[in-house]
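K.L.:
Okay, here's what each chain looks like letter by letter:
Protein chains: 2
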Amino acid sequence: MLDRQNVIKDLISSNNSKIVMLVMDGIGDIPNEQGVTPLQKANTPNLDFLATKSDLGQTIPVLPGITPGSGPGHLGIFGYDPLKYQIGRGILEALGSDVEVGEKDVVARGNFATIDGNIILDRRAGRPATEESAKVVELLNEKIKQIDDVKITFYPGKEHRFVVKLTGEGLGDKLEDADPQKEGKPIKYTTALEPGSEKTAIIVNKLLDKIKEVLKDNPKMNFALLRGFSKYPDLPQFGNVFKLKAAAIAVYPMYRGLAKLVGMNVVTTGQTVEDEFNTVKEIWNEFDFFYIHVKKTDSYGEDGNFENKVKVIEEVDRALPILLELKPDVLIITGDHSTPCLMKGHSFHPVPLMISAKYTRRGLSKTFDEFECVRGTLGTIYAVDIMPLALAYSGRLKKYGA
Amino acid sequence: MLDRQNVIKDLISSNNSKIVMLVMDGIGDIPNEQGVTPLQKANTPNLDFLATKSDLGQTIPVLPGITPGSGPGHLGIFGYDPLKYQIGRGILEALGSDVEVGEKDVVARGNFATIDGNIILDRRAGRPATEESAKVVELLNEKIKQIDDVKITFYPGKEHRFVVKLTGEGLGDKLEDADPQKEGKPIKYTTALEPGSEKTAIIVNKLLDKIKEVLKDNPKMNFALLRGFSKYPDLPQFGNVFKLKAAAIAVYPMYRGLAKLVGMNVVTTGQTVEDEFNTVKEIWNEFDFFYIHVKKTDSYGEDGNFENKVKVIEEVDRALPILLELKPDVLIITGDHSTPCLMKGHSFHPVPLMISAKYTRRGLSKTFDEFECVRGTLGTIYAVDIMPLALAYSGRLKKYGA
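So the sequences go chain by chain: Y and R.
According to full-length UniProt numbering, the residues represented by the first sequence are 1 to 402, in order.
According to full-length UniProt numbering, the residues represented by the second sequence are 1 to 402, in order.
Hints in this document: simulated from the structure, not taken from any laboratory.
One or more hints might be untrue.
Since copy identity is lost for identical chains, a pair holds within one copy or between any two.
[To be verified] Computed cross-link-like contacts, DSBU-like style, restricted to lysine-lysine with a CA-CA straight-line distance of at most 35 Å:
id, residue 1, residue 2
1, Lys398, Lys84
2, Lys281, Lys53
3, Lys220, Lys398
4, Lys165, Lys399
5, Lys18, Lys41
6, Lys104, Lys398
With the hints as extra help, turn the sequences into a complete structure.
P.N.:
Next up, the structure:
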């Protein structure tokens with residue numbers, strides 16, 4: 001795909017307008033047994049009124065048929081080609097666990113496992129309770145602080161999961177997973193896939209031996225598998241690329257982390273949608289781009305809970321006047337991907353998009369839902385097209401060519 | 001264009017679902033003098049019912065404005081970027097004449113021509129009857145069996161056309177056409193365009209002299225022009241790329257040949273659409289992807305025969321229950337390009353696409369025609385996006401990124 005950032009970089013000019021991007025995670029859906037989607041079912045007078053004055057469309061997050069994870073889904077709407085820029089699984093797990101990652105760090109996802117001798121009996125150590133595995137993480141932090149000149153830190157996760165961070169000079173992340181993937185197989189040490197990661201491989205393999213030694217008396221969590229080794233990705237910074245001072249308002253660590261990766265300013269907010277919108281109000285004069293993340297549309301989609309997904313949409317709609325009263329020059333409402341309740345997971349379906357601004361073509365739509373978006377004035381575009389449109393509607397993109 | 005195959009190759013997983021791709025050749029059209037297209041005119045209760053439950057869209061075969069031949073048209077719907085992969089004209093002509101082509105072969109299209117001395121008087125030798133030129137082909141096969149260590153075989157075609165196949169070691173296909181393209185010019189020998197084709201150039205030029213000698217007493221067909229030298233293209237094989245066991249059901253040799261080029265299993269079938277669908281039924285348990293080719297929508301489009309194009313669509317609709325009773329997990333109905341009756345030829349117009357599956361967004365369309373497809377849930381996409389969608393709707397594509 002053509003890198004939009006290269007095309008627009010010389011066209012961007014600054015002005016004082018404000019852009020709000022409201023992301024309802026996993027908002028897109030497919031009809032339920034009654035033939036309606038949550039967006040169709042929800043009572044949304046504010047979104048519908050906005051639709052009459054906005055340009056609607058639908059976005060393809062990556063390519064038709066490709067179901068994005070949260071990483072590629074967000075990169076797309078942030079204006080980064082998700083096929084060009086990739087975020088390692090270790091980094092995403094770290095971000096989701098609120099682990100700070102810096103440029104000298106390598107992080108990996110960990111699984112506590114049960115071994116007998118060197119054979120892996122259970123890759124998830126019987127799915128221990130989160131509190132139980134947190135205690136093991138505490139023990140590891142106490143017993144293993146450093147290997148050679150590399151600092152080691154463990155962070156607890158849910159059930160058998162944890163994150164490990166290596167901090168030091170000369171570390172790389174081109175390593176095979178230290179995980180044979182299957183039970184009944186012997187434990188697997190890592191191998192460097194390039195010379196720049198050889199030191200890291202040595203450290204990781206010493207670490208595995210050390211973990212085994214420390215945990216040898218634990219009946220179930222007596223070993224750990226490590227995978228998805230990742231360094232902090234070197235992404236172009238949002239402020240430089242789009243010449244916008246951006247704030248991120250998100251409740252969940254992973255989305256705060258994703259925003260931080262692209263260089264947004266992550267601000268503190270409350271737990272509800274209303275809290276998030278009020279945070280935007282509080283910091284309105286300090287920034288000119290506001291990314292707001294609403295998580296629970298996705299969570300209820302993942303649970304297959306249609307009624308609660310509807311309720312979250314209605315909650316957003318009720319709170320929307322807080323944003324509207326700020327009179328943003330451009331208000332974008334979209335999602336990072338679809339999460340159909342019937343599928344209980346992310347999907348490949350296109351994502352609704354609505355852009356409200358001064359110079360929209362408008363007038364074609366009466367409500368905001370998947371079907372109005374299909375037939376909206378913007379047509380079917382790629383998620384990476386949203387940011388150039390945001391700049392254009394805010395009057396920040398100069399003419400291309402004479 | 002981005003190669004979709006590179007993106008999806010690590011995302012494909014296998015399952016037991018079945019995908020049917022029904023290709024109505026040249027199905028897309030433009031309104032006739034009465035303002036309707038064949039798809040609108042045809043009485044198609046089955047297609048229309050399917051449309052209410054399906055995702056519709058329209059595909060761009062290559063790029064907007066580009067009219068594809070059958071080769072690029074099919075490569076696109078088979079999931080091969082038609083700008084990256086190209087099939088030589090000699091190969092297509094050979095496939096259309098049911099000529100077996102192997103890896104040691106070079107094939108070319110031949111025209112019988114009339115010369116006087118070395119000057120070409122008629123590049124088509126007065127368009128001889130097919131039976132008449134077939135006799136000349138027979139004579140050539142009798143008199144010219146080998147040149148140096150290369151075996152030569154001639155195959156009859158329609159009117160002045162034939163195919164010649166060279167079989168031997170060290171042959172290449174980077175050769176200029178042995179055809180001055182215009183009448184009144186002297187005959188033209190070929191030249192190798194790279195060292196790997198020099199042996200072939202020598203053989204071809206000797207072959208031209210030999211043909212001239214053998215045909216010297218024929219009043220009209222006394223020479224031959226050769227062009228489109230092509231080796232068997234080295235295409236990634238469909239089964240490896242998409243991890244599908246694919247069957248091709250097609251009446252016409254060219255489409256059986258195209259399917260074979262990408263590695264599909266070409267099965268024997270009858271002459272009618274019903275025969276083709278019954279063949280699918282017979283082999284249902286042996287494959288998980290079924291490409292079905294219906295030729296006559298294109299043939300009647302090429303003839304400008306609107307009423308007969310309508311009848312073929314109705315024939316497909318009547319036979320459709322045979323496919324529907326098999327309950328394919330994914331049923332794709334589309335074409336390889338448009339062949340508007342008014343234009344009597346392939347065109348660049350987008351092509352209708354309908355995908356019926358479990359998790360469609362559905363509900364937006366009442367009939368299957370060009371206009372419902374424009375406004376369908378899939379939007380306007382590229383033909384190469386169809387295969388990733390087929391895999392996605394069949395549950396075969398894992399999530400991209402975490």
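K.L.:
Treating 35 Å as the Cα threshold, decide for Lys18 and Lys41: within, between, both or neither.
P.N.:
Cα proximity of Lys18 and Lys41: in one copy and across copies (31 Å, 33 Å).
K.L.:
Evaluate Lys220 and Lys398 at a C-alpha cut-off of 35 Å and name the case that applies: within, between, both or neither.
P.N.:
between (62 Å within a copy, 31 Å between copies)
K.L.:
How would you label the pair Lys165, Lys399 (within, between, both, or neither) given a Cα cut-off of 35 Å?
P.N.:
For Lys165 and Lys399, only the inter-copy Cα distance (25 Å) is at most 35 Å; the intra-copy one is 46 Å.
K.L.:
Could you figure out if Lys104 and Lys398 sit no more than 35 Å apart (CA to CA) within one copy, between two copies, both or neither?
P.N.:
Cα proximity of Lys104 and Lys398: across copies only (32 Å, versus 39 Å in one copy).
K.L.:
Is it within, between, both, or neither for Lys398 and Lys84, if the alpha carbons may be no more than 35 Å apart?
P.N.:
both (25 Å within a copy, 19 Å between copies)
K.L.:
How do Lys281 and Lys53 come out at 35 Å by Cα distance, when the copy is not named: within, between, both, or neither?
P.N.:
Result: close within a single copy only, 23 Å intra versus 44 Å inter.
Hint violations for this structure: none, all hints satisfied.
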